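Chain A is already provided as a structure; the job is to place chain B on it using the hints.
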Amino acid sequence: MKNPFGKRKEPLTDTQLLMTITIGIFVVMYILAMTLLGGGFLHAQQIFDMLNDNASLIIVSCGLTIVMIGGGIDISVGAVTSLVVMSCVLYLNNGGNVFVSILLALGIGLAFGLVQGFLISYLEIQPFIVTLAGMFFARGMTTILSVNPQKVDHAAFAKVRDTQIVIPWLGYTAKNGNLVPARIELGVIVALICVAFIFVLLKYLRLGRNFYAMGGNQTSALMLGINVKRTRFFSYILSGLLSGISGFVFMMHTGAGNATNAAGMEMNAIASSIIGGTLLTGGVGNVIGTFFGTMTLTTIKKIVVSSGLNDPWWQSITTGGMLCFFILLQSVVLGRRSKKKKS
Amino acid sequence: MKKNNKKFLSGGLGQLTIPLIAIALLFIFNLIRDPGFFSIGISHNNDGNAVLAGNLISIINGASELAVLAMGMTLVTAACGGQDISVGAAAAIAGSVFVKVLKSGSGISGGTVLLAFVAACIVAMLFGTFNGVLVAVFKIQPMIATLILYTCGRSIAYWINGGATPTVSSHIITAIGSFIPGIPIPTPVLIVALVAILFKLLFHFTSLELFTQSVGINGSAARLNGINSTFIKLLSFIILGVCVAVAGTIGVSRLSLINHETLLLDVEMDTILAVAIGGNSLGGGKFKISGSIIGAYVIQMLTTTLYAMKVSSTDVKAYKAIVIVLLVVIGSPVVKQRFGKLLERISSKKKITVKGAEE
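Chains as they are written, first to last, in my numbering: chain A, 1397 to 1739; chain B, 552 to 910.
Source of the hints: derived by calculation from the structure; they are not laboratory data. Computed from a predicted model, the values in this text were never measured in an experiment. Heads up, a few of these hints could be off.
Just so you have them, the derived chain B footprint on chain A, three or more residues with Cβ under 8 Å [said to hold, decoys possible]:
#, stretch
1, 1525–1535
2, 1664–1674
3, 1704–1713
4, 1722–1736
Calculated Cβ distances over 10 Å to all of chain A for the following chain B residues [what the hints assert, rightly or not]:
#, residue
5, Leu577
6, Ala670
7, Leu745
8, Leu753
9, Ser758
10, Leu893
We put the CB at the ideal spot given by N, CA and C, even for glycine.
The following block holds chain A by itself, in its conformation from the complex:
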């Protein structure tokens, strides 16, 4: 059959297909929430709130997406975030300055990335075990630093923390007639820059393309002349660095260090990546999808809360159900495609 447009249309790749499904579901879900639940969902601030609360989760998920595209796994990210928060809080309270604390955050993240990356890529130890040990170490170090919650008491940091971008025209009029402008925290900007940077890296730079090649088929990547060990090393370093950044953003949001900070964040980040269409088998994934994955996860939680299911267990049960739905959907979609290819 001849295509009337002359040029044959390229079919969607697996990555694009899964991402399109996620974005589609997110949009449909949000519109349904707007029409059926109304309330807060009608204000732009709802989306900004979701971003404000989850800036650090978005950053961590980006790092995890890179590692997962490369065919690995990193479950230390949440614990490293928590360790960074605690170290920076203690450093600032002992009279440190803000700029050095940023370097400290990056340094801790980088250190974890370097050690874990070296053990995984050059000593060929299973990534799950290495990052599990990393998670134990970071959690243990956090409680060694301080078991009690610590609040930041630092003038310069408070200034940075309270810096918000205010957009009056996106605001809404409250019941008492006052205009409440929309507010975006600084952390969100950092998160969006991270997403943009990783997007460019994965799409246009050689290193990013190497991640896909390595995750898709390690042997072929090696035969193409890709230095697989070094590429894998870099993927864990990036993930570690992003955990460090995420720790600082987390601190800017909460302004306090606590041993239970970011508990379970690694699993939330994995869930975000999966919902966004990244496969744990490697080679398939997209950071824009991950971003929408995080937003979808948050929207579900918001919907559960605002639709009046107040019992504490409903939030996780619906999250689990939603995760199940996405995983099955991906499995079915990819299964049908591979069948089509064969026939």
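This is chain B only, laid out in the frame that chain A set:
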């Protein structure tokens, strides 16, 4: 000498070398630190029964849940090449069902406890089947598939409990959790031995071990040879379900209460670690259940040693991580290879010098 070295490095004991070395090192370390660590005495508990007491006993007793779970996890790992991260959450559900059934009756007798255990088993097997279907039929990676139950399992347990942490008090439950009157060995240890014997019998009288290994090594080749790999994978998850129910029951009986948040918290990570320390490949294939059991005791011994050194319970994780990294680095194929080459070079150098002396 050279041959001995090589044999030792490649593992004269097979995959059990690393866990046995780890246990030996911990023994020596404790012996130097405090020989009293190993003393075992007989004390009397609150009911006036003579029972064994001592650090060694508490290690073997404390690792019971972990050992049971590690046995089931080994099978899943071998068949599917992935791990179940929902065991802790599933054990909380099984424990909740156990308590719910116990509470629904008027009194607690031997029969109701058995009934409650069977109910817990069935529920845990159902959740195992759920995970198993996702993995075996829908071909989803085990870690992703079990992430679903990991996310919502403890909330389901909370829901079953009706938003509370109910307690059960009965001498039968106490007997399961600590000691049966007249027997000085802790009951959980006996349960572990029973489960281990059941596994041994299962492998002895069926071809499950061989089938599991072949499915794990190459699923499609096993299928071409007439092995139903889908069924084997599903079966491994169902068997793990039984192990989960046993572990959940022990956990509930120890405290005589079910707390959905803290029951066997983070046990999934320790279980996977036990399987890995036991020398089993996390990528599936060949396996040894005995390795995983030793792995479980290594982890518990490490924890108890750290407690004995007055490390606080929240800080233990950091030290544990260091030891784990050391263990896996020693066990890493690259390090083994390098070390082997180094030894070879040293022994060959020696020969040259000897030759020189003869001339």
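**OP:** Compare the structure with the hints numbered earlier in the document and write down the numbers of the violated ones, lowest to highest.
**Re:** none
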